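Engineer: Given only the sequences and the hints, what does the whole structure look like? Please build it.
Chains as they are written, first to last, in this note's numbering: chain U, 1 to 175; chain P, 1 to 175.
A few of these clues could be false.
Because identical chains cannot be distinguished in the list, a pair is counted as satisfied if it fits within a single copy or across any two copies.
To be verified - DMTMM-like cross-link-like pairs, simulated, lysine to aspartate or glutamate; straight-line CA separation at most 20 Å:
#, residue 1, residue 2
1, Lys115, Glu145
2, Lys115, Glu90
3, Lys35, Glu174
4, Lys157, Glu14
Please keep in mind that the hints were generated in silico from the structure rather than gathered at the bench.
Keep in mind that this is a model prediction, so the values were computed, not measured.
There are 2 protein chains.
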Amino acid sequence: MGKKRGNIHLYTGEGEGKTITAFGLALRALGHGHKVIIIQFMKGRRDIGEYKVKRRLSPEYEIHQFGRKEFIDLKNPEPLDFELAKKGLEFAKKALKKKPDLLILDEINLAAAFKLIKLEEVLELLNNVPENTTVVLTGRRAPKELIERADLVTEMKEIKHPMKKGVLARRGIEY
Amino acid sequence: MGKKRGNIHLYTGEGEGKTITAFGLALRALGHGHKVIIIQFMKGRRDIGEYKVKRRLSPEYEIHQFGRKEFIDLKNPEPLDFELAKKGLEFAKKALKKKPDLLILDEINLAAAFKLIKLEEVLELLNNVPENTTVVLTGRRAPKELIERADLVTEMKEIKHPMKKGVLARRGIEY
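Structural biologist: Structure (structure tokens):
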């Protein structure tokens, strides 16, 4: 059903622009008065532009974080990391019931790749996408099952990045 | 000067997500209360989400179009197309004087590739970017001189696209 409308997008790759592309789709959707729900996995910082902008865009723009403020150690995740990711996925299931026009599952690819959440549960969620909802999955290392399942897949390929040259993360650009 | 801060971003490639990434950066910047000016080359449709959203985000979010409503025939552009693109570039020069935090030059890569605007003029504009302004250049077929000049370059590589399977452009997603 979702399959026919092409409504599962996936952005992956090592290049910059995966998360930010999803937020661009959010902005576009808001322009049409659509409802957008964003769920961020493994992220918990609220001083980021995409979180702070909700003050201006509520109630059509909802953003919910399921991660710690600190960076997660993906090679050695803590029980809390699993717990938060699991809560994020449960929240996503409930969010779909509200039939938003756009549901963004930010960093879910990486969360699935590192088994913070079960791939089968993500696939099951994708089988329950309402007809008029577009779901966007972002994150590096997208498992091949998600790539197969998605209708639109773009790989962000890094050609040049200034942070590799020692430029610090800039407010309003990298976060 | 701009070079040191890494403040020229370029998004190119045949994959989806170039323009929309720029709008994601706009959303992020707005969250921090930053000022964003967007100039669209070769685009003139105002029923697109990224145009309509300005009602909600003015005055920090400005968007100006320098194109016709119809698709441009890049192989055979009309005098009006050249005129509009030239006006867009002039407008961009003036916009920089306002020192916005973010200036998006949407589709400028393609406009330069098809010589609607002079590459030298674009390079000159990039030499006059204020210290605290980030400029984003989007569009397919970015001339190599622009790639060399940019600090951050991402290529969007298409892996799968539903419109190739006959799915029509969807409001709030493709426009």
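Engineer: All the hints need checking, so say for each whether the structure fits it.
Structural biologist: Status of the hints after comparison with the structure:
In this assembly of identical chains, the alpha carbons of Lys115 and Glu145 lie at most 20 Å apart only when taken from the same copy (13 Å versus 43 Å across copies). Proximity of Lys115 to Glu90 under the C-alpha cut-off of 20 Å is restricted to the intra-copy arrangement: shortest distance 15 Å within a copy versus 51 Å between copies. In this assembly of identical chains, the alpha carbons of Lys35 and Glu174 lie at most 20 Å apart only when taken from different copies (16 Å versus 25 Å within one copy). For the identical chains of this complex, Lys157 and Glu14 are neighbours both inside a copy (6 Å) and across copies (12 Å), given an alpha-carbon limit of 20 Å.
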